[in-house]
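Asks: Start from the sequences and build out the full structure, keeping to the hints where you can.
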Amino acid sequence: RRQRQMCIRDRPVTMQQEFVASVVSLLPHTDRIRNFSVIAHVDHGKTTLVDSLVAKAGLINKDEAGDKRIMDTKKEEQDRIITIKSTGISLVFDHSKSGKDPQKYLMNLVDSPGHVDFSSEVTAALRITDGALVVVDCVEVRNK
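Each residue of the sequence shown is one higher than the last, beginning at -8 in our numbering.
The hints are all genuine.
Only pairs whose alpha carbons sit at most 25 Å apart, straight line, appear in this in silico BS3-like list of lysine-lysine:
id	residue 1	residue 2
1	65	47
2	88	47
3	47	95
4	47	91
5	66	76
6	66	53
7	65	53
8	76	47
9	53	95
10	65	76
Pair ranges (Cβ atoms, derived):
id	residue 1	residue 2	range
11	130	67	24 to 30 Å
12	123	91	26 to 32 Å
13	85	34	28 to 34 Å
It should be emphasised that the hints constitute simulated quantities derived from the structure, not laboratory data.
Each residue gets a CB set at the ideal place from its N, CA and C atoms; glycine is no exception.
Replies: Below is the structure:
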């Protein structure tokens, strides 16, 4: 069985409590909450991008980003190395506008599958989010 790398649920309880507290503190500030889906065709890098965002938020080690596949939580997803079910995660980021003091933003993102067989998962993800981050693999070349 594949061993999972260290992530937020494996870290000390105080770190988990701090993360939850920062998410809860942002809930009244609806102007600083963003809900979005990550969508693309299969193997275009959605889960890799999500891993990088999760690492940037400090929930996994930056060295593991891209290989961790933290959003692929089901055994079948891990075995087949594809996303089958849409999975959501909340991330907290600091952002400053025009040199002002940084403010915290809550990013609720959904990693969706790219395979056409799971398009209902993508549709569901788009229904519950405000927008989408579309990933395009511009290096892929098709032979004609």
